[in-house]
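Number of protein chains: 2
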Amino acid sequence: MNIITTIQEMKETVAKLKKDGNTIGFVPTMGYLHEGHRKLMAEARQENDVVVASIFVNPLQFGPNEDYDRYPRDEDHDQKAIKEEKVDILFYPHVNEMYPKEQTIQMIVQRRVNVLCGKSREGHFDGVVTVLTKLFNIVHPDRIYFGMKDAQQVAVVDALLEDYNFSITLRPVDTVREADGLAKSSRNVNLSSQERKEAPNIYQALETGKKLVEQGEMDPEVVIEEVSRFIREHTHGKIDYVDCLSYPELEKVETINRQMILAVAVQFEHARLIDNIVFSSNGQPSTAIV
Amino acid sequence: MNIITTIQEMKETVAKLKKDGNTIGFVPTMGYLHEGHRKLMAEARQENDVVVASIFVNPLQFGPNEDYDRYPRDEDHDQKAIKEEKVDILFYPHVNEMYPKEQTIQMIVQRRVNVLCGKSREGHFDGVVTVLTKLFNIVHPDRIYFGMKDAQQVAVVDALLEDYNFSITLRPVDTVREADGLAKSSRNVNLSSQERKEAPNIYQALETGKKLVEQGEMDPEVVIEEVSRFIREHTHGKIDYVDCLSYPELEKVETINRQMILAVAVQFEHARLIDNIVFSSNGQPSTAIV
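So the protein lines, in turn, are chains U and V.
Sequential numbering of the first sequence, starting at 6, is according to the numbering used here.
Sequential numbering of the second sequence, starting at 6, is according to the numbering used here.
Fair warning: there could be bad hints in the mix.
When chains are identical, the list treats them as one kind, so a pair holds in a single copy or across two.
Calculated pairs, DSS-like style, for lysine-lysine (alpha carbon to alpha carbon, straight line, at most 30 Å) [what the hints assert, rightly or not]:
#1 K154 with K106
#2 K23 with K257
#3 K243 with K24
#4 K124 with K106
#5 K216 with K44
#6 K24 with K91
#7 K202 with K88
#8 K23 with K91
#9 K189 with K16
#10 K257 with K106
#11 K106 with K88
#12 K88 with K16
#13 K216 with K88
#14 K106 with K44
#15 K216 with K16
#16 K16 with K257
#17 K21 with K216
I should point out that these hints are in silico values taken from the structure, not numbers from a laboratory.
Please model the entire structure based on the sequences and the hints provided.
Written out as structure tokens, the structure reads:
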């Protein structure tokens, strides 16, 4: 595996690869890699001649109350994982390389952000699209890989590609789950043993909501109410939100007559868990982004 | 010359040209082409295998008081000019092709804009960088050509390329002038014969200011005062602004010890004329963008 730390070298390397006719799959990360990231890399490995992963903890997407300096880092572990997934190139720039000075031109995400987790993370997605635009212009990928665990991020990236006419295919990758359905997350280790037993009910709650839609329910509020009830009855977690929105637009709709996301965030004592499912108007699972 | 109106065809055409190893020079315009545009195309023709020009009147860069619908258009004249300059491809999209729906993600220019002409055109450069980012992602140029007549636009494009790591070389092209020094402009026809006689003094005023710097003057305010005096004494025009700023940062500085722009706008009865010169700290003409 080749580790590249400068923008100049990354651009030159990509230009050469492109000239030789290679397709490039790109997995942007903030490091501290877990199974979800590895699945993204494995998908990229299957579909492209060359796989590039980046590790860059992007200060722009941290809010004033979110601790950029204390974001976990584990370089040795990450490089081992990346090698095992047969990634060809790790782009690993220093923050001064990516932001040598303050940006003159800001990107501001105007829609798809003021709901779900974005509601309490003002400016977060502005930072995400800024660094992604930079990375896309440096890496020139043919395909990019993002996990559906953060379905809101996928929706925002979809808007970025569409608004600015990038020639890049967005490949959303299904959430990786434990055998009992619990979405894998580095936060799961912070659950008590009782909470860990309850946590799979979050996914069960989503499935219950989806079943209602399959059976003909068309009112998002009814679905939200049922999912909320299920979580309250089967866990001691505190519901942060349960919402049912159009996807990827993430807008409230009166009637379930298009692709939707059903998404939840539940706060346990030491872990806030999120999960979601995307389905078409008849309740069938659907590809998130066409 | 090949005229392309869809983004899809433009992207496919460029991909093929790139694959064959061609370099692409790009001249984005809003049409109604004059000699300044033709010089951009001629420069692009000299330096690239393939020259692409675009004509697109971008609604996003018009303010509420600026009449987008009445922006002049002359398709036949433009196509003739483009052919004569041996442009290979004209990208000529409809507004619905470029903006099929409202943008979700806005670009906001935070610096370099609240001075000179930008001061009275709030949001103008936001629209400029938005459409340019789209066009760059569609045309994938190696080099882009902009006239130094609009030096502020060149400064903003410079920031766009740098902030977002585009692999594009910005080629600023010198202002085209009449034999007597007057900067060529489609607005010059609106000058009365008396005003037309006076108008070359705008450039003379700039040259006078630059001479002061050559002679050792380091205070921008002294230069501004001298240029203003010269314009007042030699024309009946009303000064809109005379300013002397760092370039391309467009910031006020105490001392002329770096590359500077000296820029003016003068309102005559039926024509507002702008002009500028860029020079290094010793008053020598300099390349605007390195």
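**Prompt:** What hints, given by number in increasing order, does this structure fail?
**Reply:** 2, 3, 7, 9, 11, 13, 14, 15, 16, 17
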